[in-house]
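Peer 1: So you can see what is in the structure, the chains are spelled out below.
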Amino acid sequence: MVMMSYGQALQSALDIALEKDANVFLAGEGVGTSIHVDPNLPTHGLLEKYGPGRIKDTPVSEAAIAGLAVGASAMGLRPVVEIMFFPFITLASDMLVNHAAKLRYMSGGKTDFPLTVRVKAGVNFGAGSQHSHNLEAWIAHTPGLKLFYPSNPADAKGLLLEAIFDPNPVIFVEEMLLYWMQGEVAEGAPPVSSGKANIVRDGTDCTIVTYGGAVHTAMQAAETLSKEEISLDVIDLRTLVPLDENTMLESVRKTGRLVVLHDANRFCGYGAEIAATVAEKAFSSLKAPIMRVAAPDIPVPVSPPQEAFFKPSPEKVISAVRAIMG
Amino acid sequence: MNDKFLPVGVLRKLYSDMALIRHFEDKLVLLAQEKSRVVGMQILANGQEAVAAGVVNALEPDDVIVSNHRSHGHLLAKGADPQKLMAEIMCKATGVNKGKAGTLHLAVPEINAIMTSTIVGASPPLAMGAAFAQQYLDRSNITTVFFGDGAAAEGSVHEAMNMASLWKLPVLFVCENNCWAGAQHLREHSCVENIARRADAYDMPGTTVDGNDVLAVYNTASDMADHCRKGKGPAFLETRTYRMRGHGEHDPCHYMDPAELEKWGLLCPLKTFRKYLEEHQVLPTDQINDIDRKAALIVEEAVIFGDESPFPAAADALNDLWIEEENRH
Ligand SMILES: Cc1ncc(C[n+]2csc(CCOP(=O)(O)OP(=O)(O)O)c2C)c(N)n1
Ligand SMILES: [Mg+2]
Chain D
1 MVMMSYGQAL QSALDIALEK DANVFLAGEG VGTSIHVDPN LPTHGLLEKY
51 GPGRIKDTPV SEAAIAGLAV GASAMGLRPV VEIMFFPFIT LASDMLVNHA
101 AKLRYMSGGK TDFPLTVRVK AGVNFGAGSQ HSHNLEAWIA HTPGLKLFYP
151 SNPADAKGLL LEAIFDPNPV IFVEEMLLYW MQGEVAEGAP PVSSGKANIV
201 RDGTDCTIVT YGGAVHTAMQ AAETLSKEEI SLDVIDLRTL VPLDENTMLE
251 SVRKTGRLVV LHDANRFCGY GAEIAATVAE KAFSSLKAPI MRVAAPDIPV
301 PVSPPQEAFF KPSPEKVISA VRAIMG
Chain A
1 MNDKFLPVGV LRKLYSDMAL IRHFEDKLVL LAQEKSRVVG MQILANGQEA
51 VAAGVVNALE PDDVIVSNHR SHGHLLAKGA DPQKLMAEIM CKATGVNKGK
101 AGTLHLAVPE INAIMTSTIV GASPPLAMGA AFAQQYLDRS NITTVFFGDG
151 AAAEGSVHEA MNMASLWKLP VLFVCENNCW AGAQHLREHS CVENIARRAD
201 AYDMPGTTVD GNDVLAVYNT ASDMADHCRK GKGPAFLETR TYRMRGHGEH
251 DPCHYMDPAE LEKWGLLCPL KTFRKYLEEH QVLPTDQIND IDRKAALIVE
301 EAVIFGDESP FPAAADALND LWIEEENRH
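From first to last, the protein sequence lines are chains D and A.
14 is the number that the working numbering gives to position 14 of the first sequence; each next residue is one higher, with no gaps.
115 is the number that the working numbering gives to position 115 of the second sequence; each next residue is one higher, with no gaps.
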């Protein structure tokens, strides 16, 4: 194990994939030369190592970037393309939703799309809702797209490698503000973890199901509540598609309570799917209503007090837990 | 420069607008260094003042503009209140958009600056729609849209150009070619050096002018605005200029060629125009200095106004998404 940042872990995964398979290439706006210089950024240094034939800076053309990935993957390459910020995926969505997701099915299983789309997500950097908008529910609602969302350096590396070598299209969400977060990471290619949720804290009173940066919000809440003798079982889903139902159902059967937490808007958010699944499959274990802690149903504001208001905080998790602890 | 013999009033206005934009952006350079003074990325238009001033002054007050992420100059030239603009850039409650826009999404519809989008390439289709409304409502006004050389690679821009031309919509497409899209140089992101060549493919007049020569910009924009206003359809103006401060204040510019930057620094649109005004005795030096002093003062007052203004209340984040029932019209 080595200590490295979330961003370096992603970089290490890209490096291993590029090294291992000549069919892997990177493309996106600034994946080679970026306006940012920081060794913690995922594509830092890769142009120097692999050259412009494999690390391709593109024009500002998201539809074409996604089309590049779909077309090249149909020919057997393993494209890893970057969409700079999550809201810009709307410009790429025709290629991803109508093509990457559907064409294998509609070819009767004849055409494959082993592509990865890396997309940066995050609230709280003051850029506003055209740069900050967590759209994971849009992706998850499209059959045919996998969706990975790592919360820590080890998962960042492991899941990105899996995404790249997965024969299916994967949307890989990077939590931008975690790029500098340090953690222990396995050397080489870590063991498979997609489709397997992670129990990051073992508890008995209430289950928190969450993913991405919100995992850290949940852990802070758990820390505070442990002082009141309330113990939380915190589950990091790691991959939203596929969803590891068993881990969360087992947890709810144990605790009898569920709070779902995410940074995305509440209405029709991914948390609604979690709540519905638990209500359908573990109803008899529930001792209290399922609670959702999510962002209010507004675009991400820019003004600091309003952006802070928007982001689900540990305090909001704590109130939700208290409300159902009775 | 002034082969069209523009009146002194116009020349003075052009210089005043450029001076105001330069002082405003220079101030933001300083404020951006103090983290808490302004919020978010500061994407500034230093070096591109002649485009904003030249184009906007060629328009009628009722003409509409749609802008992009590098919008401060366009809005100041159009007549936005510098105090409320500065307050908005600071995300304060007194800003033009109550702190909901910040630096990147400024909308000042009261001066017909109806929208700003930071989605690169979004502005041209939005402008096309506004121009459709002008045609539909039989107005004599036009819509001008500002977008970059980088944006010209987005499909949306091409769709907007085709539709605007097909329907003869009054859109003046202004492509501010500042040689860069993020860290990608024009030659790395565009297959043509002059984006205006694409106008021909959409059957509209297209011209490339020196974007640091405010009179060239003003004169060409005036002719093109006239063309659009007469119902002859859209026109395409490409202004060659340079992004003097990198993509934004957070950009260390390590990938830029210092020699290229220096070359363009010598072509500073304000210096050039000032020299012209002095040499041709259009304005005496002391009057030009007065204009600069006044611009500096306006900016100082704007900063004080912004600093003294409160942030919006956190819970006001919930307002403005919907038109409430009682405000329906
Ligand atoms: C759809 C979309 N893709 C990418 C970005 C990130 N981005 C912001 S500005 C910019 C460069 C745009 O270049 P250009 O259009 O020439 O405008 P300039 O910044 O040079 O004024 C990029 C890539 C964005 N805001 N929107
Ligand atoms: Mg540009």
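Careful: at least some of the hints might be erroneous.
Unchecked claim - Quick list of in silico lysine to aspartate or glutamate cross-link-like pairs, EDC-like style, CA-CA up to 20 angstroms: (1) LYS98(A) / ASP320(A); (2) LYS271(A) / GLU301(A); (3) LYS27(A) / GLU188(A); (4) LYS27(A) / GLU301(A); (5) LYS287(D) / GLU250(D); (6) LYS49(D) / ASP94(D); (7) LYS316(D) / ASP316(A); (8) LYS287(D) / ASP297(D); (9) LYS56(D) / GLU188(A); (10) LYS98(A) / GLU308(A); (11) LYS311(D) / ASP320(A); (12) LYS27(A) / ASP226(A); (13) LYS98(A) / ASP297(D); (14) LYS98(A) / ASP81(A); (15) LYS98(A) / ASP316(A); (16) LYS35(A) / ASP112(D); (17) LYS168(A) / ASP226(A); (18) LYS311(D) / GLU308(A).
I should point out that these hints are in silico values taken from the structure, not numbers from a laboratory.
Peer 1: For every hint, state whether the structure bears it out.
Peer 2: Hints versus structure:
1. LYS98(A) / ASP320(A): Holds. LYS98(A) to ASP320(A) sits at ~10 angstroms (cutoff 20 angstroms).
2. LYS271(A) / GLU301(A): Measuring from Cα to Cα gives roughly 25 angstroms; hence the hint is violated.
3. LYS27(A) / GLU188(A): Distance ~32 angstroms between LYS27(A) and GLU188(A) Cα, so the pair is violated.
4. LYS27(A) / GLU301(A): Judged against 20 angstroms, a Cα distance of about 12 angstroms means the pair holds.
5. LYS287(D) / GLU250(D): Distance ~15 angstroms between LYS287(D) and GLU250(D) Cα, so the pair holds.
6. LYS49(D) / ASP94(D): Given pair LYS49(D), ASP94(D) is violated - Cα atoms ~33 angstroms apart, limit 20 angstroms.
7. LYS316(D) / ASP316(A): holds (18 angstroms)
8. LYS287(D) / ASP297(D): violated (28 angstroms)
9. LYS56(D) / GLU188(A): Holds: LYS56(D) and GLU188(A) sit about 10 angstroms apart, inside 20 angstroms.
10. LYS98(A) / GLU308(A): holds (14 angstroms)
11. LYS311(D) / ASP320(A): Holds: LYS311(D) and ASP320(A) sit about 18 angstroms apart, inside 20 angstroms.
12. LYS27(A) / ASP226(A): violated (35 angstroms)
13. LYS98(A) / ASP297(D): holds (19 angstroms)
14. LYS98(A) / ASP81(A): OK: LYS98(A) and ASP81(A) at ~14 angstroms, within 20 angstroms.
15. LYS98(A) / ASP316(A): holds (9 angstroms)
16. LYS35(A) / ASP112(D): Roughly 48 angstroms separates the two Cα atoms, so the pair is violated.
17. LYS168(A) / ASP226(A): Holds. LYS168(A) to ASP226(A) sits at ~14 angstroms (cutoff 20 angstroms).
18. LYS311(D) / GLU308(A): violated (26 angstroms)
Violated hints, in rising order: 2, 3, 6, 8, 12, 16, 18; the structure is consistent with all others.
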